[in-house]
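Peer 1: Letter by letter, the chains look like this.
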Amino acid sequence: MNIDSIKNGYVLDHITAGKAMKIYELLELNKLECQIAIITNARSNKYGRKDMIKIDKLIDIDLDIIGYIDPRTTICIVKNDKIIEKKTLSKPKELINVVSCKNPRCITSVERSLDQVFILKENDKYRCKYCETILEQE
Amino acid sequence: MRNLIDISDLSIKEIDALIKVAKDIKKNPNKYNEKCKNKILGTLFFEPSTRTRLSFESAMIRLGGQVLGFSESSSSSVSKGESVSDTIRVVGGYCDIIAMRHPKEGAPLVASNKTIVPIINAGDGGHNHPTQTLTDLLTISIEKKKLNNLTIGLCGDLKFGRTIHSLITAMSRYKNIKFILISPEELKLPEYTKTEVLDKNHIPYVETTDIEEYMNELDILYMTRVQKERFFNEADYVRLKDYYILNKDKLVNAKKDLCIMHPLPRVNEIATDVDDDPRACYFKQAEYGVFIRMALIMKMLEIK
Numbered sequence: 071m072n073i074d075s076i077k078n079g080y081v082l083d084h085i086t087a088g089k090a091m092k093i094y095e096l097l098e099l100n101k102l103e104c105q106i107a108i109i110t111n112a113r114s115n116k117y118g119r120k121d122m123i124k125i126d127k128l129i130d131i132d133l134d135i136i137g138y139i140d141p142r143t144t145i146c147i148v149k150n151d152k153i154i155e156k157k158t159l160s161k162p163k164e165l166i167n168v169v170s171c172k173n174p175r176c177i178t179s180v181e182r183s184l185d186q187v188f189i190l191k192e193n194d195k196y197r198c199k200y201c202e203t204i205l206e207q208e
Numbered sequence: 364m365r366n367l368i369d370i371s372d373l374s375i376k377e378i379d380a381l382i383k384v385a386k387d388i389k390k391n392p393n394k395y396n397e398k399c400k401n402k403i404l405g406t407l408f409f410e411p412s413t414r415t416r417l418s419f420e421s422a423m424i425r426l427g428g429q430v431l432g433f434s435e436s437s438s439s440s441v442s443k444g445e446s447v448s449d450t451i452r453v454v455g456g457y458c459d460i461i462a463m464r465h466p467k468e469g470a471p472l473v474a475s476n477k478t479i480v481p482i483i484n485a486g487d488g489g490h491n492h493p494t495q496t497l498t499d500l501l502t503i504s505i506e507k508k509k510l511n512n513l514t515i516g517l518c519g520d521l522k523f524g525r526t527i528h529s530l531i532t533a534m535s536r537y538k539n540i541k542f543i544l545i546s547p548e549e550l551k552l553p554e555y556t557k558t559e560v561l562d563k564n565h566i567p568y569v570e571t572t573d574i575e576e577y578m579n580e581l582d583i584l585y586m587t588r589v590q591k592e593r594f595f596n597e598a599d600y601v602r603l604k605d606y607y608i609l610n611k612d613k614l615v616n617a618k619k620d621l622c623i624m625h626p627l628p629r630v631n632e633i634a635t636d637v638d639d640d641p642r643a644c645y646f647k648q649a650e651y652g653v654f655i656r657m658a659l660i661m662k663m664l665e666i667k
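Line by line, the protein sequences are chains A and B.
Residues in the first sequence are numbered consecutively from 71, following my numbering.
Residues in the second sequence are numbered consecutively from 364, following my numbering.
Hints in this document: simulated from the structure, not taken from any laboratory.
Do not take every clue at face value.
[Said to hold, decoys possible] In silico DSS-like cross-links for lysine-lysine, where the CA-CA straight-line distance does not exceed 25 Å:
| id | chain 1 | residue 1 | chain 2 | residue 2 |
| --- | --- | --- | --- | --- |
| 1 | A | K172 | B | K591 |
| 2 | B | K557 | A | K163 |
| 3 | B | K508 | B | K647 |
| 4 | A | K172 | B | K522 |
| 5 | B | K563 | A | K163 |
| 6 | B | K522 | A | K191 |
| 7 | A | K191 | B | K508 |
| 8 | A | K195 | B | K557 |
| 9 | A | K172 | B | K557 |
| 10 | B | K551 | B | K613 |
| 11 | B | K557 | B | K541 |
| 12 | A | K172 | B | K551 |
| 13 | A | K161 | B | K563 |
| 14 | B | K508 | B | K394 |
| 15 | B | K591 | B | K563 |
| 16 | A | K191 | B | K557 |
| 17 | A | K195 | B | K551 |
| 18 | A | K195 | B | K563 |
| 19 | B | K402 | B | K477 |
| 20 | B | K551 | A | K191 |
Just chain A, with the same shape it has in the complex:
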């Protein structure tokens, strides 16, 4: 299967198989007008199977979202057909307005203009800043 290389944009590589669509959704890539390729279940020497996303435009990407969904993902920044930077990710210490607290008793369910904030705790889990409910990752 051939997919054209990109001139200026991003290659999100080594995504855990099955997680590309979640990244696509949370980064709201459906709102872009440029070409986007989503490759799922590609062969990977390192991981067996992996997903990839190619974005044919240099846009502002929220790395925290990708780090939250799948910190294994690597990001190649392509300019004029060349990879000029390769980024590795880690789980962000704080998630702001990425996901919403599911606890119906949480103040974020009723208070207007309140950011949804989750904080990474020692056990590698996120907790709502306000009600401390654990964020169950999909």
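Position chain B relative to chain A; hints supplied.
Peer 2: Same frame as chain A, but now just chain B:
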């Protein structure tokens, strides 16, 4: 310390200092009756509460201060759709310190970010209730004369009971504490409290559904009410509300110096035949709540 949102906002040293002041207030109340003269406490109770609100009001009045506020959200602008942030911004201009209860978890934290007036969390949903914990610690300190080397039985709703979660967090910082967790399967202590508080601090605990199984080992038996307002399903509440009823018969094997505590209000979980037992400490516990709140208000207003 500007706000008290969670019991962990206080170090053990600060808690010990508050307990020391509270004991002195109990002994010499007249010494403190003008400490908060010309100060105003705002009691913002977005959810009804008798004990906590009245004990805060009593505490401030006994310190010579004054009180304003509301006792349920229907008598405030909240009923008109006002947000917590707006209410706090406004009321912050009317008083020197605020005690706030709200049914939504995290509301006091939101409030604390909107005003320079110190905020005391007087209970937020099933989340935290730090002044109840301070009351509990003072009660244990007075009745058992120590806060270390204790086997503590916690009985009833360990899942939603905010006083339980805060008490476990607070007691886990003292030495040689053991917990006996007594609850129906459906109301067991949440896993995260076990892993993040008990296991992390190497606190031994056992779980049981039988209130009498470990009765002879207990130094403290902390009973709780199954709270109707925490259930979404009425049938579950009805099934679990009278799961434990402590009565004289169940205390046959208990230690002579057992301390029976309850945050109150009590419904059926402690039979009235226990009330006259010298081991019943729950009414004294409610009284001690005023002394510790007096000490806390003074600390937060930086009054010596």
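Peer 1: Now tell me, hint by hint, if it's right for this structure.
Peer 2: Comparing the hints with the structure gives:
no. : hint               : result
1   : A:K172 with B:K591 : 21 Å, holds
2   : B:K557 with A:K163 : 23 Å, holds
3   : B:K508 with B:K647 : 15 Å, holds
4   : A:K172 with B:K522 : 17 Å, holds
5   : B:K563 with A:K163 : 21 Å, holds
6   : B:K522 with A:K191 : 21 Å, holds
7   : A:K191 with B:K508 : 36 Å, violated
8   : A:K195 with B:K557 : 15 Å, holds
9   : A:K172 with B:K557 : 22 Å, holds
10  : B:K551 with B:K613 : 21 Å, holds
11  : B:K557 with B:K541 : 13 Å, holds
12  : A:K172 with B:K551 : 21 Å, holds
13  : A:K161 with B:K563 : 22 Å, holds
14  : B:K508 with B:K394 : 24 Å, holds
15  : B:K591 with B:K563 : 31 Å, violated
16  : A:K191 with B:K557 : 15 Å, holds
17  : A:K195 with B:K551 : 21 Å, holds
18  : A:K195 with B:K563 : 15 Å, holds
19  : B:K402 with B:K477 : 20 Å, holds
20  : B:K551 with A:K191 : 23 Å, holds
When the structure is compared with the earlier hints, violations turn up for hints 7, 15 and for no others.
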